[in-house]
Amino acid sequence: MSDPILKIRNIESFYGPIMAIRGVSLDVHQGRIVSILGANGAGKTTLMKTISGVMDPEKGQIIFEGLEIQGREPHKIVHDGIVHVPEGREVFPLMTVEENLALGAFTRSDSHGIERDREMVFDYFPILKERRNQEAGTLSGGQQQMLAIGRGLMGKPKVMLLDEPSLGLSPLLVKEIFTILKRLNDEQNMTMMLVEQNASAALELAHDGYVMEVGRIVMDGTADELMKSEDIQNFYLGVQEDGAREQRRWKRKKTWR
Amino acid sequence: MNMQTPVKSTTINGVTYNAEAGQRPVRVDSCTTIVELFQKRCADLGPKTIHREKDLGIWKEFTWNDYWNHALWIGMGLRKLGLKRGEVVSILSEDRKEWAYFDMGIQSVGGIASGVYTTDSGSQLNYLVNDSGSRFLVVENEEQLDKFLTHEDEMPSLLKVIILEDEGLHDLDHPRCMLISELYEIGKAADAEDPNAFEAEIAIAKPEDTALLIYTSGTTGMPKGAMLGHENIMAAIEAGARRLAVLETDEQLCFLPLCHILERDVSIYFPLAGKCIVNFAESPETVFNNLQEVSPNTFTAVPRVWEKIYSQVLIMVQEATPAGRLAYGLAMKAGQKRAGYLIGGKPVPAGVAANFWLWDKLVLRNLRRMLGFDRMRRGGTGAAPISPELLKWYWSIGVPLVEGYGMTETAGLATMNTRHENTVGTIGMPIPGYDLRIADDGEIQTKGLNNFQGYWRNNEKTAETFTDDGWLRTGDVGSVNDAGFVTITGRLKDIIITAGGKNITPAEIESRLKFSHYISDAVIIGDRRKFLTALIMIDQENVEKYAQDQKVPFSNFASLCAAKEVKDLIEAEVKSVNKEFARVEQIKDFRLIDVLLTAEDEELTATMKLKRSYVEKAHSHLIEEMY
Numbered sequence: 001m002s003d004p005i006l007k008i009r010n011i012e013s014f015y016g017p018i019m020a021i022r023g024v025s026l027d028v029h030q031g032r033i034v035s036i037l038g039a040n041g042a043g044k045t046t047l048m049k050t051i052s053g054v055m056d057p058e059k060g061q062i063i064f065e066g067l068e069i070q071g072r073e074p075h076k077i078v079h080d081g082i083v084h085v086p087e088g089r090e091v092f093p094l095m096t097v098e099e100n101l102a103l104g105a106f107t108r109s110d111s112h113g114i115e116r117d118r119e120m121v122f123d124y125f126p127i128l129k130e131r132r133n134q135e136a137g138t139l140s141g142g143q144q145q146m147l148a149i150g151r152g153l154m155g156k157p158k159v160m161l162l163d164e165p166s167l168g169l170s171p172l173l174v175k176e177i178f179t180i181l182k183r184l185n186d187e188q189n190m191t192m193m194l195v196e197q198n199a200s201a202a203l204e205l206a207h208d209g210y211v212m213e214v215g216r217i218v219m220d221g222t223a224d225e226l227m228k229s230e231d232i233q234n235f236y237l238g239v240q241e242d243g244a245r246e247q248r249r250w251k252r253k254k255t256w257r
Numbered sequence: 001m002n003m004q005t006p007v008k009s010t011t012i013n014g015v016t017y018n019a020e021a022g023q024r025p026v027r028v029d030s031c032t033t034i035v036e037l038f039q040k041r042c043a044d045l046g047p048k049t050i051h052r053e054k055d056l057g058i059w060k061e062f063t064w065n066d067y068w069n070h071a072l073w074i075g076m077g078l079r080k081l082g083l084k085r086g087e088v089v090s091i092l093s094e095d096r097k098e099w100a101y102f103d104m105g106i107q108s109v110g111g112i113a114s115g116v117y118t119t120d121s122g123s124q125l126n127y128l129v130n131d132s133g134s135r136f137l138v139v140e141n142e143e144q145l146d147k148f149l150t151h152e153d154e155m156p157s158l159l160k161v162i163i164l165e166d167e168g169l170h171d172l173d174h175p176r177c178m179l180i181s182e183l184y185e186i187g188k189a190a191d192a193e194d195p196n197a198f199e200a201e202i203a204i205a206k207p208e209d210t211a212l213l214i215y216t217s218g219t220t221g222m223p224k225g226a227m228l229g230h231e232n233i234m235a236a237i238e239a240g241a242r243r244l245a246v247l248e249t250d251e252q253l254c255f256l257p258l259c260h261i262l263e264r265d266v267s268i269y270f271p272l273a274g275k276c277i278v279n280f281a282e283s284p285e286t287v288f289n290n291l292q293e294v295s296p297n298t299f300t301a302v303p304r305v306w307e308k309i310y311s312q313v314l315i316m317v318q319e320a321t322p323a324g325r326l327a328y329g330l331a332m333k334a335g336q337k338r339a340g341y342l343i344g345g346k347p348v349p350a351g352v353a354a355n356f357w358l359w360d361k362l363v364l365r366n367l368r369r370m371l372g373f374d375r376m377r378r379g380g381t382g383a384a385p386i387s388p389e390l391l392k393w394y395w396s397i398g399v400p401l402v403e404g405y406g407m408t409e410t411a412g413l414a415t416m417n418t419r420h421e422n423t424v425g426t427i428g429m430p431i432p433g434y435d436l437r438i439a440d441d442g443e444i445q446t447k448g449l450n451n452f453q454g455y456w457r458n459n460e461k462t463a464e465t466f467t468d469d470g471w472l473r474t475g476d477v478g479s480v481n482d483a484g485f486v487t488i489t490g491r492l493k494d495i496i497i498t499a500g501g502k503n504i505t506p507a508e509i510e511s512r513l514k515f516s517h518y519i520s521d522a523v524i525i526g527d528r529r530k531f532l533t534a535l536i537m538i539d540q541e542n543v544e545k546y547a548q549d550q551k552v553p554f555s556n557f558a559s560l561c562a563a564k565e566v567k568d569l570i571e572a573e574v575k576s577v578n579k580e581f582a583r584v585e586q587i588k589d590f591r592l593i594d595v596l597l598t599a600e601d602e603e604l605t606a607t608m609k610l611k612r613s614y615v616e617k618a619h620s621h622l623i624e625e626m627y
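Top to bottom, those sequences are chains A and B.
For the first sequence, UniProt numbering gives the first residue as 1, with consecutive numbering after it.
For the second sequence, UniProt numbering gives the first residue as 1, with consecutive numbering after it.
Hints in this document: simulated from the structure, not taken from any laboratory.
Mixed in with the good hints, there may be bad ones.
With a cut-off of at most 27 Å between alpha-carbon atoms, the simulated DSSO-like pairs for lysine-lysine come out as follows [unchecked claim]:
id : chain 1 : residue 1 : chain 2 : residue 2
1  : A       : 251       : B       : 337
2  : B       : 530       : B       : 392
3  : B       : 160       : A       : 251
4  : A       : 253       : B       : 48
5  : A       : 76        : B       : 54
6  : B       : 530       : B       : 579
7  : A       : 158       : A       : 7
8  : A       : 254       : B       : 54
9  : B       : 617       : B       : 575
10 : B       : 84        : B       : 54
11 : A       : 7         : B       : 545
12 : A       : 253       : B       : 97
13 : B       : 611       : A       : 253
14 : B       : 575       : B       : 392
15 : A       : 59        : B       : 564
16 : B       : 567       : B       : 611
17 : B       : 493       : B       : 588
18 : A       : 59        : B       : 567
19 : B       : 545       : B       : 308
20 : B       : 84        : B       : 160
21 : A       : 158       : A       : 129
22 : A       : 253       : B       : 588
Chain B residues, not near chain A, derived (Cβ > 10 Å throughout) [what the hints assert, rightly or not]:
id : residue
23 : 7
24 : 85
25 : 196
26 : 223
27 : 295
28 : 355
29 : 424
30 : 441
31 : 475
32 : 544
33 : 557
Backbone N, C-alpha and C fix where the C-beta goes; we use that ideal spot for every residue, glycine too.
Hey, can you work out the whole structure from these sequences and the hints?
Structure follows, in structure tokens:
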């Protein structure tokens, strides 16, 4: 495989005295979807924020297309081509859909390109075109998520960081959004890094996966490999082991092999 | 029992023992069996605290009266349900007060208590229950219960399974299962029906009766049940009082598995004599927090635990401010100087003592308080070799840590260093009243009242374990110096004969490797091979820290082991060990075991030591790569 487009090496990030990421290294290759799985507090969102520059790492390197970008200002990182679609959508509620999209292209000056990308966004998310003049706050949760992704696309990213796009959405909407993400990956060769609690949807979509626990990576592999792992099946995919009794409550210990 | 000849007695910390150790009958406050001593203590100390257990975050106290009542209900209940004298009851539970209640309850009515590790699988449980012919099985919770349920048809000898925690089991309706509360009710009723029957059963017990069965992990073949009688344990208590004194005011922390003779002695039997308070750790994961909370007066652990604490301090120091590091360095210097005198048993010169006093006040006292060692009178280590440097470090920070040696077959004790008779790097002198000799092939052999009775239903193995003149073959090779201190070099059956015909004891090299901060365990390979190689298990925490500091990228454990820098690090450690050994004993190559082993894995013993035969089998591909 070619050199990864995004390389993360030994990142450590802190919230005050609390070490949230305790040395994480991972690779994201061009055109792949990489999924980060993990329980609450594992450090997934912190990892995303550290990559997009919202947080500065204490140690380690983030290498994007061969250049170290850790600690740079977030807007510069967007300009370099990494766009962060944050958890919980965070669209600007009092602005219209179009204005939200225009903000996504804030770092760009090629008006033709911007126009083309807006059409592309409308192509992928026709509902946004329909509601282009509506205030974003009045959209439904799923539509806001689409807008957030669309706003991200407006930055003409090389890598998209998607933090829990399925949060609070109905299974049908999750399916719809994930289908669009898949199309984006197939048709635009968009590289994505995806943080998800919805492990089965994420592994379905992703090519590669990493599992985080208390700030460290405990397991990695291709999505297929991970789906076959007993630990993943038990702890993330909700597969019940055949037990001696029906109402078994305990779970075996994780070994991450 | 020969009661005619009056035996002279002596009093140690308020408890009377025979004046001369190792003499029949072994008496502790004139009791000759474990259960007699248990009865006496409960009667004398009734409302005083013996156990503490944490419940929903609060330490709760339990008295000797609780101990007596619950053991009585258990004993009478099991008797009512059909337990006969000389029959076995298996206990599958983490450490908790009920473990002690069952141990005493079972023994009081003449049963034999046998512990099963909670990390054992269902099929291992099946083997142990059938081999011991257990009549009852005690399981802690639903997780352990499921091990029984998956094999229930294969355990015909079991009459009942008793469950300690009912969480998640309210709907359970199984003819062979019952909750402990039901057993207590049966016991109460049986006691009301036939009062004093329990005391009568205790009175029947004789010193030569088998009291407990301890299955030895067995690095080869299936586990064997070592039978220990009342006399064996009483002899261990007697030796313990002389070598590992506990006081009535002492606090202890119980956290190693009670299935293991070491913790069983220290946390159940020695407190019967010493009357100290035993605090049960919440879980194996919380030991270090519990240690701080309890701040025990004596603490017995395996080397791995001592190493872990040491690593924590090192990491703390590395991350301290420059001033903090400087203070630590100076304090350690003062501590080492004093430790040099203390370990050698020499008086500490006033200047050294004064300097230590100062640094103790400034640094070391705080360090000890942080670790939960501020009241520690004595630390003990056993069950595996420990690095002399580590022992010295503990002495330097003001924690007297002594090494001892024993095995299940010697009721846990054979030799012991003490605070005052201590030679670092040896396992100490034989315990009082116990004989030790070195056979022609170098094997350490022992004789004394704490030597076990034999293996359960396995006369062949028993015969192999004793010499014709009745000495116990420990299987360990070692030597005794002029002062009487014993040193172990390795296991007899592990001796490697290289293709060149040279005999090598791998344990010596393995221990040296293990003393490295970065190596948690190692197995030397080389039997009938041209040269020696090693399979090494790295210490996850310390190597991860090293990799992180050196900016070595890794994701999971396997990639950590695969990193070139980590291999180089271990290679440097191996090279430094090689310098201490002769040419034929050089490790020519090594491989890292890149799976993170857990106690559930066959390759590890319950005390987290690698099992040679299993490791060789499971990682044969790595071995073949090297030859």
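To see whether the hints hold, each was checked on the structure:
Using a Cα cut-off of 27 Å, the hinted pair residue 251/A and residue 337/B is violated, with the two alpha carbons roughly 51 Å apart. Under the criterion of a C-alpha separation no larger than 27 Å, the hint pairing residue 530/B with residue 392/B is inconsistent with the structure, at around 37 Å. Restraint check: the Cα-Cα separation between residue 160/B and residue 251/A comes to about 25 Å, which is no more than 27 Å; the hinted pair holds. For the suggested pair residue 253/A and residue 48/B, the alpha carbons sit about 39 Å apart, so the restraint of at most 27 Å is broken.
With a CA separation close to 53 Å, the supplied pair residue 76/A and residue 54/B exceeds the 27 Å bound. With a C-alpha separation of about 19 Å, the suggested pair residue 530/B and residue 579/B falls inside the 27 Å cut-off, and the hint holds. For the given pair, residue 158/A sits about 14 Å from residue 7/A by alpha-carbon distance, which is consistent with the 27 Å threshold. The straight-line distance between the Cα atoms of residue 254/A and residue 54/B is roughly 26 Å, inside the 27 Å bound, and the hint therefore holds.
For the hint linking residue 617/B to residue 575/B, the alpha-carbon distance of about 26 Å falls within 27 Å, and the restraint holds. Taking the CA atoms of residue 84/B and residue 54/B, the gap is about 34 Å. The hint is violated against a cut of 27 Å. Distance hint between residue 7/A and residue 545/B is fulfilled; the C-alpha atoms sit about 20 Å from each other, no more than 27 Å. This hinted pair checks out: residue 253/A and residue 97/B have alpha carbons roughly 25 Å apart, not beyond 27 Å.
With a CA separation close to 21 Å, the supplied pair residue 611/B and residue 253/A stays within the 27 Å bound. For the hint linking residue 575/B to residue 392/B, the alpha-carbon distance of about 24 Å falls within 27 Å, and the restraint holds. Annotation: proposed proximity of residue 59/A to residue 564/B holds, straight-line Cα distance about 21 Å (limit 27 Å). For the proposed pair residue 567/B and residue 611/B, the alpha carbon gap of about 23 Å is at most 27 Å, so the pair holds.
A C-alpha spacing of about 23 Å is found between residue 493/B and residue 588/B, which places the hinted pair at or below 27 Å, so the restraint holds. Simply put, residue 59/A and residue 567/B have alpha-carbon atoms about 23 Å apart, close enough for the 27 Å limit, and the pair holds. Only pairs whose Cα atoms come within 27 Å are accepted, and residue 545/B paired with residue 308/B is accepted, the gap being roughly 13 Å. Note on residue 84/B and residue 160/B: the hinted pairing holds, with a Cα-Cα distance of about 14 Å set against a maximum of 27 Å.
Of the pairs offered as hints, the one joining residue 158/A and residue 129/A holds, with about 24 Å between alpha carbons and a cut-off of 27 Å not exceeded. At roughly 36 Å between alpha-carbon atoms, residue 253/A and residue 588/B are farther apart than 27 Å, so this suggested pair is violated. Against the 10 Å criterion, residue 7/B stays outside the reach of chain A, whose nearest CB is about 52 Å from its own CB. The Cβ of residue 85/B sits about 32 Å from the closest Cβ of chain A, beyond the 10 Å cut-off, so the non-interface label holds.
The Cβ of residue 196/B sits about 41 Å from the closest Cβ of chain A, beyond the 10 Å cut-off, so the non-interface label holds. Consistency note on residue 223/B: stated as away from chain A, and its beta-carbon is indeed over 10 Å from all of that chain's, at 22 Å minimum. Separation of residue 295/B from chain A is adequate, the least Cβ-Cβ distance of about 25 Å exceeding the 10 Å criterion. At roughly 34 Å, the least C-beta separation between residue 355/B and chain A is larger than 10 Å, which holds for a residue marked as non-interface.
The beta carbon of residue 424/B sits about 36 Å from the closest Cβ of chain A, which is more than 10 Å, so the claim that it is off the interface holds. Under the 10 Å C-beta cut-off, the non-interface status given to residue 441/B relative to chain A holds; the minimum distance is some 41 Å. Interface exclusion of residue 475/B from chain A stands, the closest Cβ pair being 32 Å apart, more than 10 Å. With a closest Cβ-Cβ approach of about 7 Å to chain A, residue 544/B is found to fall inside the 10 Å limit, against its non-interface label.
The claim that residue 557/B is not at the interface with chain A is violated, since a C-beta of that chain comes within 10 Å of its own (minimum 8 Å).
In this structure, the earlier hints numbered 1, 2, 4, 5, 10, 22, 32, 33 are contradicted, and the remaining ones agree with it.
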